[in-house]
Amino acid sequence: MLLEVDDLEIRYGRVPAVRDVSFSVGEGEIVCFVGPNGAGKSTTMLAVAGVLHPAKGAIRFDARPLDGNAIETIVANGIALVPEGRRIFGRMSVRENLAVASGLRGGLGRTGGALDRVLELFPILRERYQSPAGFLSGGEQQQLAIARALLTQPRLLVVDEPSLGLAPKYVELVFETFSRIRSEGVTLLIVEQSVRRALKFADRVYFLRSGRIVLEGSASTLAERTDLEHIYFGEESRP
Amino acid sequence: MNQIQLLADAVSLGSIYALVALGIGLIFGVMRMINFAHGDLIMLGAYALVLPTAADFAPPLIGAWPAVAMIAAIIAIVAFAALLTERFAFRPLRRREVDGATLLISSFAISYLLQSIVLFVHTGRPKSVSIFPALMRQVELAGIRISLVDVVTVAATALLLLALGVFLRRARPGLEVRAAAEDFIMARLLGVKADRVIALAFALSGGLAGVVSLLYVSKTGVLDFQMGVPLAVAGFVGTVVGGMGSLLGAVLGGFALGVASTLLQALLPEALQPSRDAFLYGLVILVLFFRPQGLFAPRAMGERI
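From first to last, the protein sequence lines are chains A and B.
When we follow our numbering, the leftmost residue of the first sequence carries the number 1, and every step to the right adds one.
When we follow our numbering, the leftmost residue of the second sequence carries the number 1001, and every step to the right adds one.
If you're looking for bench data, these hints aren't it; they were derived computationally from the structure.
Because the structure is a prediction, the values reported are computed rather than measured.
Check each hint, because a few of them may be wrong.
[Said to hold, decoys possible] Derived Cβ-Cβ restraints for the label pairs, each shown as a range:
(1) B:R1125 with A:D67: 30 to 40 Å
(2) A:M1 with B:P1173: 43 to 53 Å
(3) B:P1292 with A:E184: 21 to 31 Å
(4) A:G38 with B:F1120: 51 to 61 Å
(5) B:V1068 with A:E184: 49 to 59 Å
(6) A:G85 with B:P1133: 23 to 33 Å
Every residue, glycine too, gets a C-beta built ideally from N, C-alpha and C.
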C-alpha cells in the first residue's frame, strides 16, 4: 500500500473531528472519500498532508511513518494536496503560481518535461500564462490548483472537493483529467460530495460520517447497493 | 521656515517611516506577527557605529570606517541580529504553533532585552555621534536650497524600494516570499521551506533596519537606547494605515504618516504644537474609522489553518 492510515484521531481543541479512521490507498488507485459537510473529510486530508497533527494514530507513506514531518518535507516525499477552496495565489500570475510549485525540483526551466505535460493536460493555462491568477474563472483556478500540485511531481495527489462551486462542464473535465493523471502513474485520493460521481470515477470509495468511516468498498460492489443514500445522510439504514 | 525645506523634511521623514513600515510589513506578511523589536534593531545598528563603552563620549568605531565598509557592516550586523532573534526566539515558538499574540508578546520581550543590553553597556545617557558630516550641508537643487541629508535619504529609500521590488518580482527567493505572504500554508504545500522563507524575511527586514540606523543617525547625530521605540510605533501605525498584509500599503502608509507628522508640526498654531501627536493619531483613528482595512489593503486576507 502506498498510503496507510491507522486509527487516526484529530482534535480541534478538545473536540475530536475525526476518530478511529483507518484506510489505505494502493499504488495506482483512485480512491474517493464521500460524506456530508462536517464529516471530517477535509480534516483527514489535511492530516495526510501534514497541516494538521493527529492526536492519535499513524500515517505511513511508502511504509515510512509521516508523523512529525514538516509540510514541505511531506511534499518532497511525494504527497501533494490540492486543498479545499483551491487557494491559488491570486495576486501572482499563472506562470508564477506554477513557478512556486516547481521550486522543489529546481525551477520552471528544469521540470524535465513536467511543465509541458501539465500544460497539455490544462491547455487553458497556456493561454492565460501571464494573467493574474485571481482573474481566472473558478474552473480555471481549479485547473491551476491541480496543475500546480502536479508540478511538485507527486506519487500521491490528494484533491479536496474539486467539484465544489464548479460549472458541470468543468467538473467532467476535471474528473476526466484525473483518469489521465492516473495513467501517468500518479495515485489519487479525492474528496467528493457526489456519491454518483465517486462511484463512476473511483476504484474504491470510503463513506465518512461524523468523523468515522461508516462504509467502504470497491466502486463496483457499492454501485449495486440501494441503501447508499441512507448511509450518506445518516438515517438508520441498518436493520 | 523655508517651505521647500519643510517639504524636504516631510518627504525625508516619510521615507524613513516607509522603510520602517516595510521592515515590519515584510515579517508580518510571512508570519502574521508584528515585530515590535524592529525599532530596537534600528537602535542596535546605530550603537554599532561606536565603541562599546560606559563613558559619556563613545568614539566612533565602525562609524569611522570608509563609507562603503561602514554601510555594509551596519547592514550586515543588524540583519544578523534580526536572524538571531528569529532563530532563537521566534522559531522555537513557531514550532509549537503558538498564536500571533504570543509572538507579539515575545517581540516585546526581545525589544526590552535589546534595550537592556545597550543600557548595560552604554548607560542610559544619550550620546552623540557624527557620521557622513558632509551630508549636513545645504545643496542647491533647481534653485532651491535643501539639506543634502534629506536628498540622500529620499534617494536611498527610492533605490532600496526599487531593488526590493525587483528582487520580489524577479528572483526565485522573492517569489517564495510573495507566495508565503499571500498564503503561507499553501506555499508550504507546494514545497516552499517555511524556515528558509521566514529567515529571508528577517534578513531583509534587518537589512532595511540597518539602513534606517544609518539614515536616522546621519540626520540626528544622537544615540539613545530608546530611540527605536517611536520608530517602531510609527512603522507599525504606518503598516496599519496602509493596510496590513500589503507591502506597498506599508510603504505608502509609513510615508503618509511621516509627511503628515512633519506638516502638522509646522502648520499647527504654536499653542497646539505640543499636542501634535494627538492630532496625528486622531487623524489615524479617523482614517481607520472609514477604512478599517487600511488605505491600500488587499482583498480579504487568507485564513490560515
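Quick one: which hint numbers does this structure break? Sort them smallest to largest. 1, 2, 3 and 6
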